[in-house]
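**Student:** Spelled out, the chains give:
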Amino acid sequence: MLNIAVCVKQVPDTEARLSVAADKTRIEEQGISFILNPYDEHAVEEAIRLKEKQGGTVTVFCLGPARAEEAIRTALAMGADKAVHLADAAFGGGDEGTAAAALEKAIAGKSFDLVLAGRLAIDDASGQVGARLAEKLGWPHVTAVTRLAVEGREAVANREIDGGSQVVAVTLPAVITAQRGLNQPRYPKIPDIMKARRKEVAKVTPADLGLSGGEVGGAGAKGKVAGLAPAPGRSAGKVIAGEPADAARKVVGLLRDEAKVI
Amino acid sequence: MSQLADYYRIEDLLQPEERAVRDTVRKFVDREVKPIIGEAWLKGEFPRHLIPKIAELGLFGPTLPEEYGGAGLSPLAYGMAMQELERGDSGLRSFASVQSALAMYAIYRWGNEDQRRHWLPRMCAGEVIGCFGLTEPDAGSDPDMMTTKARRTGKGWVLSGVKRWITNGSLANVAVVWAKGESGKVCGFLVEKGQPGFTTTDTHTKASMRASITSDLILDGVEVAEDHVLPGVKGLGSALSCLTEARFGIAFGVVGAAMDCLQEALDYTSVRKVFGQPLAAKQLTQERLADMLARVTSAQLLAVRLGQLKAAGQMTYPQVSLAKRENVRHALEVARMSRELLGANGITTEYASIRHMCNLETVDTYEGAYEVHTLILGRDLTGIAAF
Ligand SMILES: Cc1cc2nc3c(=O)[nH]c(=O)nc-3n(C[C@H](O)[C@H](O)[C@H](O)COP(=O)(O)OP(=O)(O)OC[C@H]3O[C@@H](n4cnc5c(N)ncnc54)[C@H](O)[C@@H]3O)c2cc1C
Ligand SMILES: Cc1cc2nc3c(=O)[nH]c(=O)nc-3n(C[C@H](O)[C@H](O)[C@H](O)COP(=O)(O)OP(=O)(O)OC[C@H]3O[C@@H](n4cnc5c(N)ncnc54)[C@H](O)[C@@H]3O)c2cc1C
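The listed protein sequences derive, respectively, from chains A and B. Note that this note's numbering has the first sequence beginning at 1, numbered continuously upward. Note that this note's numbering has the second sequence beginning at 1, numbered continuously upward.
Be a bit skeptical, because a hint or two may be false.
[As the list claims (entries may be wrong)] Straight-line alpha carbon distances no greater than 25 Å define the calculated SDA-like cross-link-like pairs of lysine to any residue that follow:
# : chain 1 : residue 1 : chain 2 : residue 2
1 : A       : Lys189    : B       : Leu14
2 : B       : Lys185    : B       : Val162
3 : A       : Lys82     : B       : Glu66
4 : B       : Lys27     : A       : Glu15
5 : A       : Lys189    : A       : Thr57
Rather than coming from a laboratory, the hints here were simulated on the basis of the structure. Computed from a prediction, not measured in an experiment: that's the story for all the values here.
Please put together the full structure from these sequences, using the hints given.
**Tutor:** Next comes the structure, spelled out in C-alpha cells:
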C-alpha cells in the first residue's frame with residue numbers, strides 16, 4: 001500500500017505560439033491552450049503504475065488558477081483518485097519558495113509515503129519546487145529520475161548524468177521528480193474522462209493551510225519576475241563550401257574577423 | 001499536443017471534458033494509427049489489432065448511457081472523437097461509425113430492453129462487432145427499392161436477398177439487416193455470423209477506403225427468431241434515423257481529414273524549395289493554403305453548431321444533410337489541393353493526403369450521396385420533392 005501525492009502544474013501547450021503580455025512579466029494567455037505539464041504527466045503515470053502494482057491511493061496537488069482544474073481532471077482521468085487544488089487568488093504571483101511552502105502545508109502530516117513531481121514545469125523551467133518541497137518536508141529527494149523501483153520502505157531511483165547514470169537509494173517517505181523516459185504516460189480512456197468529472201477536487205485557501213496572506217503568492221515571494229522577453233529570432237546560417245581544409249580555414253577566419261570570438 | 005488549425009478558436013466552444021476526449025483520441029491516433037495506416041491502406045487491410053485498443057479507449061457507443069456500457073458523451077465530444085479518428089483515416093472512422101451510430105444505435109433505438117442488455121455492453125467492449133445492411137446492388141440512394149424479403153413462418157422469419165457495400169460485413173458478429181415484409185413494410189433484423197444460409201464476400205477492388213472492410217451479405221433463406229427482430233421499427237424511416245446519427249459523425253469526421261491535409265501541406269511547403277524559395281513563399285501556394293484554411297474553418301463551424309443544436313435537442317435531419325454535404329466537399333477539396341502541393345511525393349502513401357483524398361470519394365457517396373443531400377435540402381426549401 002502506497003499513499004502517493006503528485007504535484008502537477010498547468011502550463012501553456014508546448015506548441016502554442018507564445019507572446020509576452022503588455023506588462024512584460026507574463027505570457028499573454030489570451031488565445032492559447034493549456035495542458036498538464038509534460039513532466040508531471042510522467043509523475044502521474046508513475047504514481048498510477050505504483051498504485052496498480054502495490055495498492056494505495058494517488059492524490060493530486062495543484063497550485064494554480066481556476067483554469068488549472070482542467071489539468072487536474074486530466075490526472076484524475078488517467079487514474080488519480082482525488083485532488084487538492086490550491087486555487088485561491090492569494091496563491092497567485094508567487095515564486096518557487098511560496099509554491100513549495102504552500103504545497104508542504106497541504107502534504108505534510110497526511111501520511112503520504114511518496115511525493116512525485118515533474119523535473120520542471122516547461123513554462124518557467126526553474127525546476128526548484130520538487131527539491132524545495134522535499135527540504136521543507138525534511139524528506140530525501142531524487143531529481144530527474146528515469147527509472148524508479150519501490151520495495152517496502154526503500155525507493156531506488158536511476159538518474160541520467162552526463163555520459164552515464166547514477167543509482168540513488170532513499171528511504172520513504174521521499175520526493176522524486178520525473179524526467180522524460182521514466183515511462184510512457186497513458187492517454188485517458190473516454191469513460192474515465194467522464195468519471196473524472198465526479199471525482200473530488202478540494203479547493204483550499206491559505207487559511208485552510210494555516211498560512212497568512214503575507215506568506216503566500218506575490219506577497220510572500222522573495223523574488224519577482226522583472227521582465228520577460230522572447231528569444232531573439234535566429235538569422236540564417238552561412239554554408240561554407242569547398243574542400244574540408246579550405247573550408248576550415250575560412251571558418252577560422254570568419255570566427256576571428258567577423259564574429260570576433262577567437 | 002500538436003496545435004492543429006483552429007483559426008476561430010473552436011477550442012473555446014468546447015467543455016473541458018469535450019476537449020479531453022478530443023485530446024485523448026488525438027494521442028491515440030498519433031501513437032497507434034498514424035505510424036501504420038499508410039501501409040495498411042496500401043495493402044488493403046483493416047488494422048484489426050486496433051479493435052481492442054479502440055474498445056478500451058471507449059470509442060464504441062460512447063454516447064450511450066453507462067448502464068449499457070457507454071460513457072454518456074455529449075454530441076460535441078462524440079463529434080470531436082470522430083474528427084480525430086478520421087484525422088487518422090476515414091476507414092477507421094467508418095469502422096467506429098458503423099459500430100456506434102448504425103449498429104448499436106439501431107439496437108438502442110429500435111430494440112427492446114432484453115436486446116439492449118444482450119448486445120450493447122459486449123459491443124461497447126468490442127467483443128461483438130456490428131454492421132448495418134441497408135444498401136443493395138440495385139438500391140442505393142433509393143433504399144425503398146430494396147428487394148431483400150422477410151417472410152413470416154410459424155417460428156419467426158426467413159430472410160432472402162443480397163446486401164452490398166456493407167462496411168465491416170465479413171468482420172461483424174451481428175448484422176442489422178433491413179428487409180421488406182410481405183406487406184412491403186421495411187423491418188429490421190439481427191442476423192448472426194455463421195447462421196445457416198448467411199455468407200459474406202469482401203470487395204477487394206476498391207481504390208478508396210482501402211483500410212476498411214466492405215462486403216456483400218448474402219442471405220439465402222436465413223431463419224431469424226422473433227427475439228432477433230427489432231420490435232420498435234416503423235418502416236424505412238427507422239433505418240433512415242440511424243443514418244442521421246452516422247451523418248452527424250461524418251460532418252465532424254471529415255474535418256479531421258481536412259485538418260490533417262492542411263497541416264501536411266503547411267509542413268511540406270515550408271521546407272520544399274522551388275525556384276530558389278520555399279514553396280510556401282509563392283503567392284500561388286499561399287492562395288491555396290488560405291483557401292484550405294477557409295474551408296477547414298467553415299467546416300469546423302458548421303460541425304460545431306450542428307453539435308450544439310443536437311445537444312439542445314433542436315437538430316433536424318436537413319441540417320445534418322447540409323453539414324454532411326458541405327463538409328465532405330470542403331474536405332475533398334482540401335485533400336486535393338494538398339495532394340497537388342506535394343507534387344510527386346503527394347501521390348505516395350508516405351504522405352496522408354492522397355489516402356484522405358481517395359477515402360473522401362467514398363464519404364461523398366455513402367450516407368447519402370452529395371446529390372441526395374442536395375435534394376433533401378431542395379425539398380426542405382421548396383416543399384417539392386425532386387428526387
Ligand atoms: C466503402 C463503402 C462503404 C459503404 N458502407 C455501407 C454500409 O455499411 N451499409 C450500407 O447500407 N451501405 C453502405 N454503403 C453504400 C452507400 O450508402 C451507397 O453507395 C450510397 O447510398 C449510394 O448508392 P449507390 O452506390 O447505389 O449509388 P446510386 O444510388 O446508384 O447513385 C449514383 C449517383 O446518382 C446520384 N443520384 C441518385 N439519385 C439521384 C437523383 N434523384 N437525381 C440526381 N442524381 C441522383 C447519386 O448521388 C450518385 O452520385 C457503402 C458504400 C461504400 C462505397
Ligand atoms: C508517377 C510519376 C512518374 C514520373 N516519371 C518521370 C520521368 O519519367 N522522368 C522524369 O524526369 N520525371 C518524372 N516524374 C517527375 C515529375 O515530372 C515531377 O514530379 C514534376 O516535375 C513535379 O516536380 P516535383 O514532384 O518535384 O514537385 P515540385 O516541383 O516540388 O512542385 C510541388 C508543387 O509546387 C508547385 N510549384 C512549383 N513551382 C511553383 C511556383 N514557382 N509557384 C507556385 N507553385 C509552384 C507545383 O505545381 C506543385 O504543385 C514522374 C512523376 C511521377 C509522380
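**Student:** Would you mind marking each hint as holding or not holding in the structure?
**Tutor:** Now the hints, each set against the structure:
Restraint check for Lys189 (chain A) and Leu14 (chain B): satisfied, since their Cα atoms lie roughly 18 Å apart, inside the 25 Å limit. Between Lys185 (chain B) and Val162 (chain B) the CA atoms are separated by roughly 18 Å; this keeps the pair inside 25 Å, and the hint holds. Proximity of Lys82 (chain A) to Glu66 (chain B) is assessed by CA-CA distance (about 21 Å); at most 25 Å being required, the pair is judged to hold. Between Lys27 (chain B) and Glu15 (chain A) the CA atoms are separated by roughly 14 Å; this keeps the pair inside 25 Å, and the hint holds.
Simply put, Lys189 (chain A) and Thr57 (chain A) have alpha-carbon atoms about 19 Å apart, close enough for the 25 Å limit, and the pair holds.
Hint compliance for this structure: no hint is broken.
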